[in-house]
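Protein chains in written order, with this note's numbering: chain A, 1 to 320; chain B, 1 to 282.
Simulated from the structure, these hints should not be mistaken for laboratory data.
Keep in mind that this is a model prediction, so the values were computed, not measured.
Incorrect hints may appear among the rest.
Stated by the list, open to error - Interface residues of chain A toward chain B, partial, derived using beta-carbon atoms under 10 angstroms:
no.	residue
1	E56
2	I60
3	G65
4	L68
5	G70
6	A97
Using N, Cα and C, we set each Cβ at its ideal position, and we do this for glycine too.
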Amino acid sequence: MATKKATRAAYGETLVELLEEGVDVYAVDADLSGSTTSAKLAEADSSRHLNVGIAEQNMIGVAAGLSLTGKVVFTGSFAVFGTGRVYDQIRNTVCYAKLNVKIAPTHAGISVGPDGGSHQMVEDLALMRVLPNMRIVVPADYVSAKAAIRLAAHTPGPFYIRMGRAAVPQLYDDGAGFEKGFELGKARVVRTGADVTIVACGVEVHLALTAAEQLASQGVQAEVIDAFSLKPLDDETILKSARKTGCVLTAEEHSIIGGLGSAVAELLAQYPNVLNKPLKRLGVQDRFGTSGEFDELFKEYSLDAQAISQAVCDMDGSFL
Amino acid sequence: MIDTAEIEHNAAHMRQDILKMITLAGSGHPGGSLSAVDICAVLFFGGVLRYRPDEPDWEGRDRFILSKGHAAPVLYAALARAGYFEVAELATLRKFGSRLQGHPDSQKLPGVEVATGSLGQGLSIAVGMAYGLAVSEKGQQRVYALLGDGELQEGQIWEAAMFAAYKKLGNIIAIIDNNNLQIDGSLDEVVSLGDIAAKFTAFGWKTLEVDGHDIAGLKQVFDQASTCQNAPCAIIAHTVKGKGINFMEGQCGWHGKAPSDEQCDDALKELATSCASQEVTR
Numbered sequence: 001m002a003t004k005k006a007t008r009a010a011y012g013e014t015l016v017e018l019l020e021e022g023v024d025v026y027a028v029d030a031d032l033s034g035s036t037t038s039a040k041l042a043e044a045d046s047s048r049h050l051n052v053g054i055a056e057q058n059m060i061g062v063a064a065g066l067s068l069t070g071k072v073v074f075t076g077s078f079a080v081f082g083t084g085r086v087y088d089q090i091r092n093t094v095c096y097a098k099l100n101v102k103i104a105p106t107h108a109g110i111s112v113g114p115d116g117g118s119h120q121m122v123e124d125l126a127l128m129r130v131l132p133n134m135r136i137v138v139p140a141d142y143v144s145a146k147a148a149i150r151l152a153a154h155t156p157g158p159f160y161i162r163m164g165r166a167a168v169p170q171l172y173d174d175g176a177g178f179e180k181g182f183e184l185g186k187a188r189v190v191r192t193g194a195d196v197t198i199v200a201c202g203v204e205v206h207l208a209l210t211a212a213e214q215l216a217s218q219g220v221q222a223e224v225i226d227a228f229s230l231k232p233l234d235d236e237t238i239l240k241s242a243r244k245t246g247c248v249l250t251a252e253e254h255s256i257i258g259g260l261g262s263a264v265a266e267l268l269a270q271y272p273n274v275l276n277k278p279l280k281r282l283g284v285q286d287r288f289g290t291s292g293e294f295d296e297l298f299k300e301y302s303l304d305a306q307a308i309s310q311a312v313c314d315m316d317g318s319f320l
Numbered sequence: 001m002i003d004t005a006e007i008e009h010n011a012a013h014m015r016q017d018i019l020k021m022i023t024l025a026g027s028g029h030p031g032g033s034l035s036a037v038d039i040c041a042v043l044f045f046g047g048v049l050r051y052r053p054d055e056p057d058w059e060g061r062d063r064f065i066l067s068k069g070h071a072a073p074v075l076y077a078a079l080a081r082a083g084y085f086e087v088a089e090l091a092t093l094r095k096f097g098s099r100l101q102g103h104p105d106s107q108k109l110p111g112v113e114v115a116t117g118s119l120g121q122g123l124s125i126a127v128g129m130a131y132g133l134a135v136s137e138k139g140q141q142r143v144y145a146l147l148g149d150g151e152l153q154e155g156q157i158w159e160a161a162m163f164a165a166y167k168k169l170g171n172i173i174a175i176i177d178n179n180n181l182q183i184d185g186s187l188d189e190v191v192s193l194g195d196i197a198a199k200f201t202a203f204g205w206k207t208l209e210v211d212g213h214d215i216a217g218l219k220q221v222f223d224q225a226s227t228c229q230n231a232p233c234a235i236i237a238h239t240v241k242g243k244g245i246n247f248m249e250g251q252c253g254w255h256g257k258a259p260s261d262e263q264c265d266d267a268l269k270e271l272a273t274s275c276a277s278q279e280v281t282r
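Just chain A, same shape as in the assembly (with noise of 0.2 angstroms):
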């Protein structure tokens, strides 16, 4: 069994090592700094880190102003309230006047778990779709996640990432230059087959991967793509793998409304004759989530390994 250590773990971590590098790096969080890891960097250098307390809106707004004065700055909280509860700050000051915020929140998704649908955010992927000159990385573990941070760091203007509470397997080397492999625009297939693509994000990436073992027994051949930047899309990626496939399922512990299936399907519906099957888009379907244990949520809101599996399964019998 892989290590498993959740996405958010590499948010203090990284922006400790980023101010290490030089980088002018600030984290403003809103009473949450043990939760979302931003307290390391306070721990490194107490004058970097705001805790606005808990007043999320004000939060958004003295980042926006900090980066007007040269920093890049990073915001916490979790998913629901960083994102949700301050849409209007994040459209009308940070995206507006396309200022260099990075929107970290963590405790993305279902994922969350006992806290339950009042704090499990499966929206988030929607309203920060929509925005201009928002951009939005997607990490799946924890060295993805590491590589996201840098890359919203280093490259100027609002960014969206999107990080768990679960601990999750990891799934990429980190090893020397290993941030390479992670750039915006780019998707990485992290498993070849030529029968059905699985285009997933975040802690669906894995389970994906498991699923297609699974699939594999069965003689199926699944392509896992981790769609690490989900705006912008890895458009020729996707195409590529649907165009070889002409099979294509997307995973995601988000709405199935506004996220990466819909952003799949916005993209395969301008080309014609790519799918012979209908796209199958496994994520939330429209509804809140609810209180429970990791695996107890994955199986209910079928975003499991055996859902997985399964909606591949039922797309087309004659693979079996």
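Chain A is fixed; fit chain B onto it per the hints.
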């Protein structure tokens, strides 16, 4: 001694600019632009703000944030009169392709520090800027944020107020354009703010009150505010919405409505008369 005549001269021009540009645009917000004219005239032409029109991004500049972004015409008039761009460009207000957007857009117009228009956000931005400037230790830049009084109904203002005082940011000055009117009526009819100064004081701010149309008085409170240390400062400027134009003064109906050509002519005549009487007085 400051040259109040010079400031008044600029204020008179700015009032004319505001009327003309909103009339030409056919829409806009004259009431809250006119109430803030004297405040902005003192800031820009009274030696309060340090700025270089030919070098808008000059690091040593003070920052001015028009949090009440709908009063864009007063900012545009001040920037034009200060030399950021030609006064003639004011005629493009709100027109397709113009740099003078309906609400200030920092991506389009030099001199606009940050885009505003969604109320309640400017003070937080000012606080972040003030912190960023304070830690940079490069200079003594101050951050000025002009807020509407109705805007204080936004909760984010008080989040920012609480945080600025807690961080002891002495380089931030909030000016409240207290004209007592908002779109739906007077503040007391919509949601009364009670004692604004007392509220800021309770939040840990130093507070000053002034007649927002008294040039010398404004200059004096800005000087006082600039000596603030270890605490942010709020200036409650008591103003009249539509100030300077008889038929607009104190009328909330002129919050967001353009005058007709005839009304504009009448208003310009009124301004010319009051300018002339000022000259005589001098």
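query = Which of the listed hints are not met by the structure?
reply = none
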